[in-house]
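J.: Listed below, chain by chain, are the residues.
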Amino acid sequence: MKTWPMWIAGTVVLAAVFHILTIFALPYGIMDRAMAGIAAQAGGVNKPLYPEPATAAVRGIVRPSPDLLYTACVYDVGARPLRITSPVPDTYWSLSMFAANTDNFFVVNDRQANAGSIEIILATDDTAKGGNGAPVVVAPSSRGIILFRSLIASDEERASIDAMRRQSDCEPL
Amino acid sequence: MKLFLKLLASFVVALVLGVGSALLLLRGGLGGTTAVGPWMTSDVIGSADADPYTRARVAVGGLLALNRSETIYFTAATDSDGETLRMQCSYKIVGSDPPARWWSITAYAADHYLIPNPQDRYSYGGNTVAREDDGSFVISAGPSESGGNWIPTGEGDGTFTLTLRLYNPAEEAVRDPSGIALPRIAREACLR
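Respectively, the protein sequence lines represent chains L and P. Here the first sequence is numbered in the working numbering, starting from 13 and rising by one per residue. Here the second sequence is numbered in the working numbering, starting from -16 and rising by one per residue.
Next up, chain P with everything else stripped away, as it sits in the complex (with noise of 0.2 Å):
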C-alpha cells in the first residue's frame, strides 16, 4: 500500500510538473527567438522545418500561421522599455510602413482573443491607418478614447499583445526580419 501510494504520488507530481512546464513556456503565444526591439518572431512558424516547440507555440498562439514567405507575424508583449503591455495603460505605436505589400496591427487580450470593446475596433492597417504628413504613423492603444488612429484595449486590468503582420513581406526582411526598422511601442500613462 505504501509502495503504491508513493507511485502515485510520483506520477501526480510529474504530470504537473511536465504538463505545467509546457503549457508555461507556450503561454507567451508565437514569440520567437528573432527580437527588433519589443516585436518577436520565429523563423520557422508554419514551416515543416519548425521544432516541435514552434508547432505547439503555433498551435496555442497562431493556429493556421502562414509561412514566413508569405506572411510575417511579430508579436510584442512589452513596449519599447520591456515592460509588459497592461489594457489599463496608454501607449503610442509610433512607425513608419514596412517592408511589405500590406501590413496590420491588432491587440489581443491574454487569452489570443481580440479584446471586448464597444467601438468593435482592434487594428489598423497600411489602407486604413491616417498618416502624418511625413508618411509615418502614430496608432493609440489603451481604454480611454483619443483621437486619431486608436485601439481600445477595454475595461479590463489584464495583460495584452500586440501583432504586426507583413503579408507579402520584401525580400530583404524575409531573409532578414531582424534588420528591418519597426514601430516603437511607448508607455504613456497608466489609470492604476
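Isolated chain L, as found in the complex (with noise of 0.2 Å):
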C-alpha cells in the first residue's frame, strides 16, 4: 500500500497548523519586544520614555511618523492601577493606549480633552478611584504600551511642544 498521499497530507496539515500559530502569535511576540525595548530605555514599566523624533537612523517601532513627537509608557497594572498625567497641547494631541495583542483599546485627542490637562487611571477593572475622581479606563490586558503623539505644528512651535510632551507622565497609584 502506497503510503505517500498519507505523508503529503499529514505535512500539509501540519503546516496549517504552524500558519496559524505564527499569525495568532506574531503580534504578542512583537508587542513583547516593543515593550520590552522601551522598558529597557525608560527604565522599567511605568515610566515614560521620551524618545527623540523619528529618524532613518530609528530603528524602534516601524513605520514612525516624523511629523510627530511621542512619549511612551510601558504599562503593567496587575499589582496596581496606573495614573496617567499629561498637559495638552493646542496642536494635534492624542493618548492610546495598546493591548498585549496590538489592540488600540482607547483614544482621546486634544478636542475631546477639551482641557489644558489630562488625568486618567488605567486599571484592571472598574473599581479604581483616582485623587481626583479621574476616569477610569480598563486595560483588557495587565501588560501594553501608552502612547502620546503630538505633532509639530512648525518649527517656531517645536520647542515648546517638546517641552509639554516631557510634561506627560504614568506612574503606578
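All the pointers check out, no bait thrown in.
Residues of chain L clear of chain P, computed beta-carbon distances all greater than 12 Å:
| id | residue |
| --- | --- |
| 1 | Ala54 |
| 2 | Thr97 |
| 3 | Ala135 |
| 4 | Leu185 |
Capping the alpha-carbon separation at 25 Å, the derived lysine-lysine pairs in DSS-like fashion look like this:
| id | chain 1 | residue 1 | chain 2 | residue 2 |
| --- | --- | --- | --- | --- |
| 5 | L | Lys141 | L | Lys59 |
| 6 | L | Lys14 | P | Lys(-15) |
| 7 | L | Lys14 | P | Lys(-11) |
What the hints contain is simulated information worked out from the structure, not anything from laboratory work. Here a beta-carbon is modelled for each residue, glycine too, at the ideal position from N, C-alpha and C.
From these two lone chains plus the hints, build me the complex, please.
T.: The structure is reproduced here in C-alpha cells:
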C-alpha cells in the first residue's frame, strides 16, 4: 500500500497548523519585543520614555511618523492601577492605549479632552479610584503600551511642544 | 530510523511552509481590502474587531496604529498604474487636501523604516506642504533632487511604500474610506 499520499496530507495539515500559530503569535511576540525595548530605555515599566523625533536611524517601532513627537510608557497594571497625566497642547495631540495583542482599546485627542491637562486611571477593573475623580479605563490585558502623540505644528513651536510632551507621565497609584 | 527521518522531514517541510507562507502574506505591511486607486486601507486596523491576519499585519507593518475613528492609514506599494514603487524611479504625487483635520504622506523602505537620506526629509503634511495657486499640491518622490516638495528615496535600489495618514478624518471618510478622493501617484522616470 502506498503511504506517500498520507505523508503529504499530514505535512499539509501540519503546515496549516504552523501557519495559524504564526499568525496568532506574531502580534504578541512583536508587542513583547516593543515593550521590552521601551521599558529598557525608560528604566522599567510604568515609567515614561521621551524618544527623539523619528529619523532613518531610529529602529525601534516600525513606520514611525517623523511629524510627531512621541511619549511612550509600558504599562503593567497587574499589581496596581496606573495614573496617567499630561498637559494637552494646542496642536493635534492624542493619548492612546494598546493591549498586548496590538488592539488600540482607548484613544482620546486634544479636542475630546477639551482641557489644558488630562488625568486618567488605567486599571484591570473599574473599581479603581483616582484622587480627583479621574475617569477609569479598564485594560483588556495587564500589560501593554501607552502612547502620546503630539504634532509638530511648525518649527517655531517645536521646542514648546517638546517641553510639554516631556511632562506626560505614568506612575502607579 | 527510516520512520524517524520521514517524520523529521515532514516536520521541517511543514514548518517552512507554514511559517514562510504566513510571513509572505504579511510582507506587504498594513495593506487592507479597501482601495482608492493605489492606496489601500483596512476598516479594522487597531480595532478589537480586527481579524488575526489584520492584527498580524499591524504588528509587522504598523505597530501602535490608531483605530479608524482617530486615524485612517492608507498605504501605497504601487503607483496609479499598478507598477511597484521603486527607489530609483521618480514619482509625482498630485492631489488636494483629503477630508481630515491633518494629513501627512511619508515614504518608508521595504523594511518599514524611514529611508536614509542626507536631507533627513521623509514626509510632507498639511502644515508643511507647498501648495499650488488652486490649493492643490504636488509632491515629488525620487532619488534626484527636485524643486518644491521633494521626498528623497535615497541611493538604494529596492522598493518603497508611501503611507498617507488622515488624523481626525471627516465623518464621511470614516464611514466610507473608499469614497474619498486621494492623490494620484504618477511615475516619471527611472535611473535604472
